[in-house]
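A.B. asks: Sequence:
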Amino acid sequence: MKRLAALLLAAVLAGCAGDADSVGDASVRVYLLRDGGGTVRPVRRDVDEATSRAALNELLEVASSQEAGELGATSGIPEGSSVDVFSLEGDTATVALTTELGDDGLAQVVFTLTQFPSVRSVDIQGGTFSRATFESTYTPSILVESPLPFEAISSPLRATGTANTFEANFQYELTDSDGRVIAENFVTATSGTGTRGTFEFTVPFELDGDGTLIVFESSAKDGSGINIAEIPLRFES
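The sequence shown begins at 1084 in my numbering and counts up by one.
Hints should not be assumed to be uniformly reliable.
Beta-carbon label-pair distances, calculated as ranges [claimed, not checked]:
| hint | residue 1 | residue 2 | range |
| --- | --- | --- | --- |
| 1 | Glu1218 | Ser1320 | 33 to 41 Å |
| 2 | Glu1250 | Thr1285 | 15 to 23 Å |
| 3 | Ser1260 | Val1145 | 21 to 29 Å |
| 4 | Thr1271 | Glu1234 | 20 to 28 Å |
| 5 | Thr1295 | Gly1210 | 32 to 40 Å |
| 6 | Val1264 | Glu1234 | 19 to 27 Å |
| 7 | Asp1305 | Thr1182 | 40 to 48 Å |
These are computed hints drawn from the structure, not numbers from a lab.
Predicted model, so just to flag it, every value in this text is computed and none were measured.
Glycine is no exception: its CB is placed at the ideal position from the N, C-alpha and C atoms.
Sequences and hints are given; from them, build the entire structure.
C.D. replies: Rendered as structure tokens:
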């Protein structure tokens, strides 16, 4: 009996170890480029198992017609690229692709893989890179990592991400399909003014249908919205 219990425990532990690289449900974030380039923009992709290798495979797929058409999303990774080498050792992923990447493509790979707690850095093209490597160049001032574009959201909306804004402050609006503002407020991240911080906020709402989460800073010069990011969503109250 003791031997059977030990075998069952070993099987459970082995199963847990195999899941060390997975996150959440069977979906992953893939980091494309927003507005034809410049900074990364995460989108959701459904996968059989939420692993870093699955996320990398999805990253190498071209942007969908919805991602390209409605978000203006592109990729710095050449079409037709495939994985030649992929391994995980400690908290470092080693990757070799069949094509050479520029800095924008490297940033996409690093952001996509480091969404997983098991990956802190990526060895690729002769260098070792972390998110910090590309933060100042390829991260928008306000990076919303949840919710992701086109997701169905029930009340209350919970938004998370990182930001580097003046005095750590920014604003959000929820709008309906006609652009009418149904909720708005200020957010303060954990840090700002040159240091990227994290943020989390929740928004209760009563709306069914398409809408948008808009985040932005207010210009110190004239109060207009700057560093704007829009995330189209499907609201289900």
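A.B. asks: Determine for every hint whether it applies to the structure shown.
C.D. replies: Okay, the hints, checked on the actual structure:
1. Glu1218 to Ser1320: 33 to 41 Å: This hint holds: roughly 36 Å between Cβ atoms.
2. Glu1250 to Thr1285: 15 to 23 Å: 22 Å, holds
3. Ser1260 to Val1145: 21 to 29 Å: 28 Å, holds
4. Thr1271 to Glu1234: 20 to 28 Å: This hint holds: roughly 25 Å between Cβ atoms.
5. Thr1295 to Gly1210: 32 to 40 Å: 38 Å, holds
6. Val1264 to Glu1234: 19 to 27 Å: 20 Å, holds
7. Asp1305 to Thr1182: 40 to 48 Å: 44 Å, holds
The structure meets every hint from the earlier list without exception.
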